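Asker: Protein chains in written order, with my numbering: chain W, 385 to 773; chain F, 499 to 802; chain S, 169 to 491.
No lab work stands behind these hints, which were simulated from the structure alone. Wrong hints could be hidden among the right ones.
[Stated by the list, open to error] Taking lysine-lysine pairs in the DSS-like style, the calculated list, with each CA pair at most 25 Å apart, reads: (1) F:K554 with W:K566; (2) F:K554 with W:K597; (3) F:K554 with W:K745; (4) W:K745 with W:K673; (5) F:K554 with W:K546; (6) W:K727 with W:K758; (7) W:K520 with W:K673; (8) F:K554 with W:K750; (9) F:K762 with S:K313; (10) S:K313 with W:K559; (11) W:K476 with W:K516; (12) W:K547 with F:K762; (13) W:K566 with S:K313; (14) W:K758 with W:K516; (15) F:K554 with W:K673; (16) F:K554 with W:K559; (17) S:K313 with W:K516; (18) W:K412 with W:K699.
[To be verified] Derived CB-CB ranges, DEER-like: (19) F:I567 with S:L353: 22 to 32 Å; (20) F:E629 with W:V744: 38 to 48 Å; (21) F:P621 with S:G197: 34 to 44 Å.
Computed from a predicted structure; not experimentally measured. A virtual CB, placed ideally from N, CA and C, is assigned to each residue, including glycine.
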Amino acid sequence: MRLKTLALASAALFAVNVGAQAQQTPVKLGILTTLSTPGGYLGEDVRDAILLAIEEEGGKLGGVPVQTLIEDDKLKPADAKQIVEKWLETDKVKLFTGVIFSNVSVATVPTVLEAGGIFISPNAGPSNFAGKACHKNYYVTSWQNDNLHESAGALARKLGYKKMVLLAPNYQAGKDALTGFKRIYGGEVVEEIFTGLDQTDFSAEIARVRAAKPDAVFQFHPGGPGIAFVKQWAQSGLKDQIPMVVAAPSLEQKIAAVTGEAAIGIAATTHWNTDFKNPESEAFVKGFKAKYNREPTVYASQGYDTAKLIGAALKATGGKLDDDAFRAAMLKADARLTRGPFKFNNNQHPIQDWYEVKAVKGADGKVSLATAGKVLEAHKDAYAQDCKL
Amino acid sequence: MQLLFEQLLNGLQLSLTLFLLAAGLTLVFGIMGVINLAHGSLYMLGAYAGALAASKIGGFWLAVPAALIAAGLIGVAMELLVIRSLYARDHLSQVLATFGLILFFNGVIAWGVGRAPLQMDMPALLSGFLEIAPGLPYPTYRLAVMGVGVVVALGLWYVIARTRLGMLIRAGSDKREMVSALGVDIASLFTLVFGLGALLAGLAGVMVGPIRSVQIGMGEQVLITTFVVIVVGGIGSIRGAFVGALLIGMCDTLGRAFAPMVLKLWLSGPLADGLGAALASIMIYLVMALVLIVRPRGLFPAGG
Amino acid sequence: MAINRQIVAGLLIAACLLAVPFAAPYLGGNYVITLATRVVIFAIAASSLDLLIGRGALVSFGHAAYFGLGGYVVGICAFHLANDVTIFGWAGSNEALVVWPLAMLVSGFAALVIGALSLRTSGVYFIMITLAFAQMIYFVFVALKYYGGDDGLAMTSRNLFAGTRITNAQTFYWISLCALALCLLIQWRLVVSRFGMALRGAASNERRMAALGFSVYGYRLVAFVIAGMMAGLAGALWANLNRFVSPDMLGWVRSGEFMVMVIMGGVSSLLGPVIGAAAFLLVETALAGWTEHWQIAFGPFVLLVALFAPRGIWGLLRGRAGP
């Protein structure tokens, strides 16, 4: 299946439906995302949600026809950079989105910005580009990485846990997670346990938690390792003795569904959930299920919101991507998002609310996440003050 | 003391899981002389077949036979279509061919089943705990995995040491002509051995399904560790695979459990935590390098 | 006849490599040159690995370690220069003529230590012990938060080459191509020398070579170090091409890919690994650009090469004749 041609064809089809409208050259949107490797389902959800938003508008975003280019970055930074260069040069793409992982982001963002392109990250928000190195053509629509864990820290504080054990993988994102968590938590950290890359068996770490006897535990393991951790935690019998607090990546909708009973009772934080009661969110969940026959994850909502933000900006500029006009329109964030209130900070990262969610068993026997209340309001990141924009 | 006991048990559990994977790989590698990088893919396919059978048709008890049948059949097909033409060739061609198979299987799963991880629950019967010491509950399922590992180890030992098939397998590795002269169809024998190896990989996959994440790429995560196990043990030796699995499983678990604690005797807290974790992740490679420097052909070289 | 075919094929490859910058404007511009640069850099790494696999029958499964170390030397030197922090009292450097040889020295030193220990083993055990050391280095860099950990390290600009900028895609391509030519030339001289004969002799009959008074271990170690240094140079070029280094340069997947390139192209031949690198990268890039399910097509492609081209693509081109 040739994605490029398909997207063009569908855009052409809708153009015919709309009929007499003036022919407008479509805006090219480069979606560089992770589709292979274990992290492939994250990229798939972001990509599918962006395509859904475009399809709902009949091949357009904000009334402007959009042509998408999609490619798998294979989670290899150098390959990702090559794809970006190809799009910049041969396809003259100016607008980039889709990136999932921080290392891909760190490798590709400079290339795009130097070539005068616009980079809109729907997921990764590494600290590298949030502070001093912020840029007028770089936006993050999801969160600054630390925000995820700050919200979990705020939740742990709200729930009154005094002594906690923290677990995270022994790499950059893991260490950042603990820094973010501790920034707001404020209680005593009894022990920090670092796990390995791609680790699948956590019995040794869980035994260490048991021995440390904390009030509660925070862990950050996104994707597959997160699923393994939640299962093994429940099987160890500690689930009913020591409460667990996590951030969105360690318990999103897919992990909750896949781990089932094992996830019940875990407290998580997120900026969007399937049960949000606003018209945009409800329509999105319905549309996504109808088109793809599966539940959207929080990643999908980020992809959808990104498309909506791009659409709002394109609408204001009439499809022009010239820096200043597009930027002014983008920063207004004049779109209704699935997550509700949203603003860009001076470093062009989100200011938004964070919520508590809990894994519960539904009437149909399936486990899903239920929103329980707000944890942080209009939350910003800690790096914005270093940004001179 | 109780913590040490619990961690030893965790190490034993990991070791026996590793053994299930290593046994098949060492048989194929040692007896047929084939480096099969796609052994991890068979583990993944076993887990997928099990998870799909469990969710679409029903129940863990159906998942196990489904995984065994799927992995076994795919293994036999793989041997007939690909591996068979590689016996006479050097290891390099085998590496190339089976590398291609890894990509193919990952691609097929992403396309046919989807990229998202699959759900796989434990059977209700095994989902509780057993109080193995006062105040120390241990998951029944993990004890069951250990039981399966022990049974497979004993079964393999019996087959190889005590049966005609085992004798042929032992002889087939270095005296191929003699075995064929005895009127044994060596080609079928190799198909059988490869299928058995695939079966064991599939069994490992379905056993860890309820503990780990059933997802694309799960095979590559265990592949290298499995190679480490068989190399430490000595290639081709089931006994070596068992001892290697114990050594690697224990070192890995105890490293993760105690390395930071030990380092804290000399270093400050956060530094010890980070360094301890780094040390734990290289522990198995360190052990392998040390073993090979002292014993260049592993602990129990086959035929030695 | 066969010799002619070999020369024709060789000239054809050289002509293709030389033509890239001139043909690029008609094929899609600088992107094509960058893609060709990637091929050339991987060709350096793959051919250095072939010195071990093909000539010495030493299948190293940890070659990415030297590639990655070379890259990290460049990245770390740039990092210190950019952040005004000294490393061992040195300010860091941006001069290719300083940094690249340093990258080769560091990689060569790592190869010396690892080779000295690994060469005690042979066969499959050698494959695994080289892998073990490479994985240790990989995990160290993943955990090295100061240098970006698994997120990697970005460089603000490419190195200067004798004081001049090499940001231009064509300039950088020519530099990389010269490096490849130089590496192939050195390998060719090595292979036909006494050293090369000793290495090949040891590969086919170790005992006889030892009986003839050759220090097999010594020759192998020298080969291992030379291969490591060449991989280090490739890594330094790679870091400059992408202005980015990350631990995936060092991981076993990258080592495996180098091996696949060598085997796919054809072992024990100067041009085989070059063809292998080109085939691997170009086919993978083309398939990934064509479909998101590229693995379903790329896997069987690799498999077919393994099954039907026992001596690699070069073996097919060259015909039946000897080495």
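Asker: Each hint needs a verdict: does it hold in this structure or not?
Answerer: Structure-based check of all given hints:
| no. | hint | verdict |
| --- | --- | --- |
| 1 | F:K554 with W:K566 | 43 Å, violated |
| 2 | F:K554 with W:K597 | 40 Å, violated |
| 3 | F:K554 with W:K745 | 20 Å, holds |
| 4 | W:K745 with W:K673 | 20 Å, holds |
| 5 | F:K554 with W:K546 | 44 Å, violated |
| 6 | W:K727 with W:K758 | 17 Å, holds |
| 7 | W:K520 with W:K673 | 36 Å, violated |
| 8 | F:K554 with W:K750 | 15 Å, holds |
| 9 | F:K762 with S:K313 | 20 Å, holds |
| 10 | S:K313 with W:K559 | 8 Å, holds |
| 11 | W:K476 with W:K516 | 29 Å, violated |
| 12 | W:K547 with F:K762 | 20 Å, holds |
| 13 | W:K566 with S:K313 | 18 Å, holds |
| 14 | W:K758 with W:K516 | 30 Å, violated |
| 15 | F:K554 with W:K673 | 20 Å, holds |
| 16 | F:K554 with W:K559 | 40 Å, violated |
| 17 | S:K313 with W:K516 | 19 Å, holds |
| 18 | W:K412 with W:K699 | 15 Å, holds |
| 19 | F:I567 with S:L353: 22 to 32 Å | 56 Å, violated |
| 20 | F:E629 with W:V744: 38 to 48 Å | 29 Å, violated |
| 21 | F:P621 with S:G197: 34 to 44 Å | 60 Å, violated |
Hint violations for this structure: numbers 1, 2, 5, 7, 11, 14, 16, 19, 20 and 21, all remaining hints satisfied.
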